[in-house]
Amino acid sequence: MAGTSFAALPTSLFVLTLLAATAAPAAGETKETHLRVFWHDVVSGGPNVSTVAQVAQGPASNASATGFGSVMVIDDPLTEGPNLTSTLLGRAQGTYVSAGKDSLSLMMAMNFVFVDGAYNGSSLAIVGANPAERRVREMAVVGGTGAFRFARGYCEARTRWFNATTGDATVEYNLYVRHD
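Letter by letter, the sequence shown follows residues -28 to -1, 1 to 152 in mature numbering (1 follows the signal peptide of the UniProt record, and there is no 0).
To be clear, the hints were calculated from the coordinates, so they are not data collected in a lab. The beta-carbon is built from N, C-alpha and C at its ideal position, and this holds for glycine as well. Check each hint, because a few of them may be wrong.
[Claimed, not checked] Label-pair ranges, simulated between beta-carbon atoms: (1) 65 to 126: 16 to 22 Å; (2) 2 to 137: 42 to 48 Å; (3) 74 to 132: 22 to 28 Å; (4) 31 to 128: 18 to 24 Å; (5) 1 to 75: 38 to 44 Å; (6) 45 to 87: 15 to 21 Å.
Model the full structure from these sequences, guided by the hints.
Structure, rendered in structure tokens:
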């Protein structure tokens, strides 16, 4: 078949050729990666410092102890250590919604976009419930780009610091990811 153009191949053989060229890697080639990053949600500080913007709220959000119905957009720093001044590894970009009416539970939809280190230019997509009152919360890793193509897995979130007056928080994320 060398030298034969795709146009000259029967349709079924052409499809099989394309499938073979894009087939998943052989079993055993899946990588497993554990990452630990610190997510800094900076609510205070005004428009030039804050990494959170409230973009919508429900009719009773202000009267609710949990802020039920509030929608926030984030561009939070992801650092190597728990201090905001430690090495910046990336940004958490996405949204969270106050979805718990009786307890503080957030629905998270965000991408961890890496800007430094071995994963520079890659990202991981995280979605799930984040019942903030629990010590450890688990959310799904549902995809990725770059080094994390075909990513799947989970992450565990643990609040390391929270200021109830300002709403600022530092959360440790441990991500357990399988990818090609």
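Verification of the supplied hints:
1. Taking the beta carbon of each, residue 65 and residue 126 are about 20 Å apart, inside 16 to 22 Å as hinted.
2. Against the hinted window of 42 to 48 Å, the Cβ-Cβ separation of residue 2 and residue 137 comes to about 45 Å, which satisfies the hint.
3. The hinted window of 22 to 28 Å between residue 74 and residue 132 holds, with their beta carbons roughly 25 Å apart.
4. Between residue 31 and residue 128, the C-beta spacing of about 34 Å breaks the proposed range 18 to 24 Å.
5. Checked against the hint of 38 to 44 Å, the C-beta distance between residue 1 and residue 75 comes to roughly 42 Å, which is consistent with it.
6. Between residue 45 and residue 87, the C-beta spacing of about 19 Å keeps the proposed range 15 to 21 Å intact.
In summary, the structure is inconsistent with hint 4 from the numbered list given earlier, while agreeing with all the others.
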